[in-house]
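When you get a sec, could you build the whole thing from the sequences and use the hints?
Quick note, the sequences are listed as chains A and B, same order.
Numbering (the numbering used here) for the first sequence: 1 to 439.
Numbering (the numbering used here) for the second sequence: 1 to 553.
Don't read these hints as lab results, they were simulated from the structure.
We treat Cβ as the ideally placed atom computed from N, Cα and C, and that holds for glycine.
Incorrect hints may appear among the rest.
Calculated lysine-lysine pairs in the DSSO-like style (CA-CA distance at most 27 Å, straight line) [what the hints assert, rightly or not]:
| id | chain 1 | residue 1 | chain 2 | residue 2 |
| --- | --- | --- | --- | --- |
| 1 | B | Lys352 | B | Lys322 |
| 2 | A | Lys2 | B | Lys397 |
| 3 | A | Lys2 | B | Lys322 |
| 4 | A | Lys50 | B | Lys281 |
Listed next, the stretches of chain B that the computed footprint assigns to chain A, with coverage defined by at least 3 CB atoms under 8 Å from CB atoms of chain A [said to hold, decoys possible]:
| id | segment |
| --- | --- |
| 5 | 56 to 63 |
| 6 | 390 to 404 |
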Amino acid sequence: MKKKTGLVFFPAFDYAISPTHPEREERLLYTQDQVNEEGLLDFDNIIEFKPDLATAADIQRVHFCVPGIDDIVHASHLIAVGGTLTAADKVMQKEVDNAFALVRPCGHHSMRVVHGTRGFCTLNMEAIMVEYIRHKYGASNGIKKIAIVDTDCHHGDGSQDIFWHDPNTLFISMHQDGRTLYPGSGFPDEMGGPNAFGATINLPMPPDTCEEGFLYVLDEIVMPILAEFQPDLIINSAGQDNHYSDPITNMKFTAQGYATLNDRLKPDIAVLEGGYSIESALPYINTGIILAMAGMDYSHIREPDYDAEDQIQPARITAYLEKLKEVTLSQWANRHALRNRVYADKAFHTRSSQIYYDTAGIRESQTETVRTCGDCGGAVTIDSRADTGSHGHVFAVQIPRYACGPCRSWAEAQFDEADARAYSQVLLQDKDNDLYIEK
Amino acid sequence: MILGIDVGGTHTDSVLMKNGKILRKSKVMTDKSDLLASVMLATRSVTEAADVQQLQRIVLSTTISTNAVAQHQLDPVGLVVMSGPGVSHRDLPLSDKSSYVAGYMNHRGIEAESVDEDEIHALKKRFAAGGIEHVGVVGKFSTRSPAHELTVQALLAGQTRHVTVGHQLSGALNFPRRIATAYLNEAIWRLHSGMVDQLGAYMEQLGIDVPLYILKADGGTIGVEQSRHYPVQTILSGPAATIMGVLPFISADRDSVSIDVGGTTTDIALFADGAPLLEPKGVQIEEHKTLIRGLLTHSIAVGGDSHVRVIGQQLVIGPERKGAAMAFDGPVPTPTDAMIVLGLADIGDKAKALAAIGSLAAELGRTSEQTANAIMDQACETIAAKVRSMIAEVNRKPVYTIHEMLEGKELVPREAIIVGGPAPYLARHVGRLLDMAVVVPENSDVINASGAAMARTTVELTLMADTEEGIMTIAEDGMQTDIPQHFTMADLVAVGKERLEQIARVAGAREADLEIEVADSQTFNVIRNSATTGKNIRVRLQIKPGLTKHALQ
Numbered sequence: 001m002k003k004k005t006g007l008v009f010f011p012a013f014d015y016a017i018s019p020t021h022p023e024r025e026e027r028l029l030y031t032q033d034q035v036n037e038e039g040l041l042d043f044d045n046i047i048e049f050k051p052d053l054a055t056a057a058d059i060q061r062v063h064f065c066v067p068g069i070d071d072i073v074h075a076s077h078l079i080a081v082g083g084t085l086t087a088a089d090k091v092m093q094k095e096v097d098n099a100f101a102l103v104r105p106c107g108h109h110s111m112r113v114v115h116g117t118r119g120f121c122t123l124n125m126e127a128i129m130v131e132y133i134r135h136k137y138g139a140s141n142g143i144k145k146i147a148i149v150d151t152d153c154h155h156g157d158g159s160q161d162i163f164w165h166d167p168n169t170l171f172i173s174m175h176q177d178g179r180t181l182y183p184g185s186g187f188p189d190e191m192g193g194p195n196a197f198g199a200t201i202n203l204p205m206p207p208d209t210c211e212e213g214f215l216y217v218l219d220e221i222v223m224p225i226l227a228e229f230q231p232d233l234i235i236n237s238a239g240q241d242n243h244y245s246d247p248i249t250n251m252k253f254t255a256q257g258y259a260t261l262n263d264r265l266k267p268d269i270a271v272l273e274g275g276y277s278i279e280s281a282l283p284y285i286n287t288g289i290i291l292a293m294a295g296m297d298y299s300h301i302r303e304p305d306y307d308a309e310d311q312i313q314p315a316r317i318t319a320y321l322e323k324l325k326e327v328t329l330s331q332w333a334n335r336h337a338l339r340n341r342v343y344a345d346k347a348f349h350t351r352s353s354q355i356y357y358d359t360a361g362i363r364e365s366q367t368e369t370v371r372t373c374g375d376c377g378g379a380v381t382i383d384s385r386a387d388t389g390s391h392g393h394v395f396a397v398q399i400p401r402y403a404c405g406p407c408r409s410w411a412e413a414q415f416d417e418a419d420a421r422a423y424s425q426v427l428l429q430d431k432d433n434d435l436y437i438e439k
Numbered sequence: 001m002i003l004g005i006d007v008g009g010t011h012t013d014s015v016l017m018k019n020g021k022i023l024r025k026s027k028v029m030t031d032k033s034d035l036l037a038s039v040m041l042a043t044r045s046v047t048e049a050a051d052v053q054q055l056q057r058i059v060l061s062t063t064i065s066t067n068a069v070a071q072h073q074l075d076p077v078g079l080v081v082m083s084g085p086g087v088s089h090r091d092l093p094l095s096d097k098s099s100y101v102a103g104y105m106n107h108r109g110i111e112a113e114s115v116d117e118d119e120i121h122a123l124k125k126r127f128a129a130g131g132i133e134h135v136g137v138v139g140k141f142s143t144r145s146p147a148h149e150l151t152v153q154a155l156l157a158g159q160t161r162h163v164t165v166g167h168q169l170s171g172a173l174n175f176p177r178r179i180a181t182a183y184l185n186e187a188i189w190r191l192h193s194g195m196v197d198q199l200g201a202y203m204e205q206l207g208i209d210v211p212l213y214i215l216k217a218d219g220g221t222i223g224v225e226q227s228r229h230y231p232v233q234t235i236l237s238g239p240a241a242t243i244m245g246v247l248p249f250i251s252a253d254r255d256s257v258s259i260d261v262g263g264t265t266t267d268i269a270l271f272a273d274g275a276p277l278l279e280p281k282g283v284q285i286e287e288h289k290t291l292i293r294g295l296l297t298h299s300i301a302v303g304g305d306s307h308v309r310v311i312g313q314q315l316v317i318g319p320e321r322k323g324a325a326m327a328f329d330g331p332v333p334t335p336t337d338a339m340i341v342l343g344l345a346d347i348g349d350k351a352k353a354l355a356a357i358g359s360l361a362a363e364l365g366r367t368s369e370q371t372a373n374a375i376m377d378q379a380c381e382t383i384a385a386k387v388r389s390m391i392a393e394v395n396r397k398p399v400y401t402i403h404e405m406l407e408g409k410e411l412v413p414r415e416a417i418i419v420g421g422p423a424p425y426l427a428r429h430v431g432r433l434l435d436m437a438v439v440v441p442e443n444s445d446v447i448n449a450s451g452a453a454m455a456r457t458t459v460e461l462t463l464m465a466d467t468e469e470g471i472m473t474i475a476e477d478g479m480q481t482d483i484p485q486h487f488t489m490a491d492l493v494a495v496g497k498e499r500l501e502q503i504a505r506v507a508g509a510r511e512a513d514l515e516i517e518v519a520d521s522q523t524f525n526v527i528r529n530s531a532t533t534g535k536n537i538r539v540r541l542q543i544k545p546g547l548t549k550h551a552l553q
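See the structure below:
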């Protein structure tokens, strides 16, 4: 059945990380050519919208930008994020049935604390959109439970970090095995924090996984879990670098496969992430996704160099994916019991991590403490130090959305008691009250 | 002197102009069965024998092809479509007339699948058996490489009366619109060609040898003989004629709006720094979305003769016209009756207008004056609201660069040019609602004819240079040539300008009117394995719609 699909298209023809970088000016040039040549915007049920600009308030609902937004964020990011929010508005205001933010640059490697650009990403578009929707529409239409299905070839480690403690956001990442690709994370045992255990699901797939394997993981693992979680909204973090022609990854997914995936997943909002085969893949994948979202016939989508024989799945991949299904569904079913084994019975849990920003060349050390809580996602403090100079050491306090009283009190005390002289900045993010304060 | 003639469905208007001024004007009935007679009558009504000898050019605007499409009086057309993969055939236009055959180009104009000659030969036989004499050949991305369309055209040669190849009609990307445009070009080809023959006879009868032009949908002119190849470009030239007629009253240094208030509808057009805005993708006629470059107009079903009635204590104006105003013995009350009651217009029979508005006033329980004022307010506010929404829509148009997003021009019209029968009576009111200065030009009853008379020749040319492939393509020309690796944007613009000048001259452009502008230009790197292997350069050149310098000579 045909659907009304919104398209926010912003190719940012005047933005590149560097002239030969994969994230460069012409990344969406041939996609735009294909969309125009196919006449997609002439169909009555496909409507193009101009992106809005994201505001500081939108960004600060999710990120702690260090030392500040103006120092690390480029206009292109404000438009890409703004376009994502435009897509959300059109869906939430029921102007369209679903929407695709075909914007760049990408965002899913950006974590809560942002010292710079990593994995080509600076601002996490999907995360900012999720909090925007909850802030703007949550009270009126009851949107609370949101699922993000990340189909980029790289593990969505930024989104995972942001929603690690959020029991109301189910984050599922399908990606190339982290042992073989940046950022080297996203294994099945990464299942979320103590207050949101099981709401993070990682589905690493071996190199050379093709159409059959991807759709198997979708149909046999993702869809059953979504059916049980019953999200109010589904977001597709729609990276396109699983394509067989992508220059920086090793998978064998196809344009037809991406269209089928979107047809079955039926996301309310899709957001472009990676995908760097700008001539051989993106034009066909994006045409396929748009047609699939619009409920139109996408069966004629095919790359000029599509090779059916290359899509025959080796037995070892089939066996691996069957095992992945077994492990994942078992972990999902037993997540409450597993949680108690992984997390000891303590009032607080602390984790330390080293984060590297490959694009900007930054190393960050982080210690995060979460208050164990059965009533909300738990208040969090983050002590983050980056090797960017004197301004790189911050203490960030986060009061989660739907925060309980004790978590709020504890967080406010942490903020009040923090010694401002010991850090370059002490920051408080209060999602329910939509506040962002620097001490 | 210039002669402008507008052949409408009912009237044929003509003006004789000199130095941008109307010397004589006339309105005669159109003889639908005899175009030649109508045009000759319109000519004779404004010229004497001595004037004819002084004519420097004649420009004609007609609704003949527009009406043929609207009334479905179209010739059978066979479409040969090379779709390749993509949107399903069932979602393409005119699929009942299309034969889908092998062969397609990719987005860079590189062959992805070749043409199957046997398939075309078989098709040729089928067309012959089916009596199909007009054929449109359309390939995906044919504006990036015309090779397939040209191959098929050559294979079809010798049997069909005429073949249109898609890339010649427009350099823009849009495959479904290319199909529809090629279809219409063939479907009205015979009709239009017949008209060109008749106009040849007209010139012979006049006994002069001056350029004869026909107006296109983009408000530009094309030599009549040259128009034989592109009949589709003359579709919907009616609204364009009006806009060109308004153009002399538009300030060149600011944004403006024109409002043409007719009997049934009001048509609105916008001008940015003095230039009329174009439809971004092409005009639509009936169900056909086309690539025909046309001036942007929005219509609203409110006019001087709109049917005014009371429904549930509310005044409703339009959308229908039942006839003339009651002041002119029409059947129902109209805004024109209200204008007469208010003393704004001193026309028709005032007693009958009062009776018309009085009947509505009785229903509303108000005075006739109150009711007439309410009708005026509502009609003018409806028009003003449409103007505002059209401006907002243009300003909401998506852009694709950060620069345009942050620094892009916003259209802010500060003046309104109002034409049409009721214009003098409601102009001030509409201007006040829009907070714009208003201008009501004289002679707006023959504005289409004067618009046609003063229009200059327009041409558009789309070029792409791919230095990795070493090929330059001129889309509308269907021409590809080899280029060196160091070929630049400046080189491409230079080649384009030279070629565009040639095309413009052939189409009848005057030297003084060859104002070529670079409408779009973009350069992108082509990267292979993290190394730059070439450039993809795109340029669109145009002579945009405007007034011919000739008109002021």
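Here is how each hint holds up against the structure:
| no. | hint | verdict |
| --- | --- | --- |
| 1 | Lys352/B x Lys322/B | holds (16 Å) |
| 2 | Lys2/A x Lys397/B | holds (25 Å) |
| 3 | Lys2/A x Lys322/B | violated (38 Å) |
| 4 | Lys50/A x Lys281/B | holds (17 Å) |
| 5 | 56 to 63 | violated (count 0) |
| 6 | 390 to 404 | holds (count 8) |
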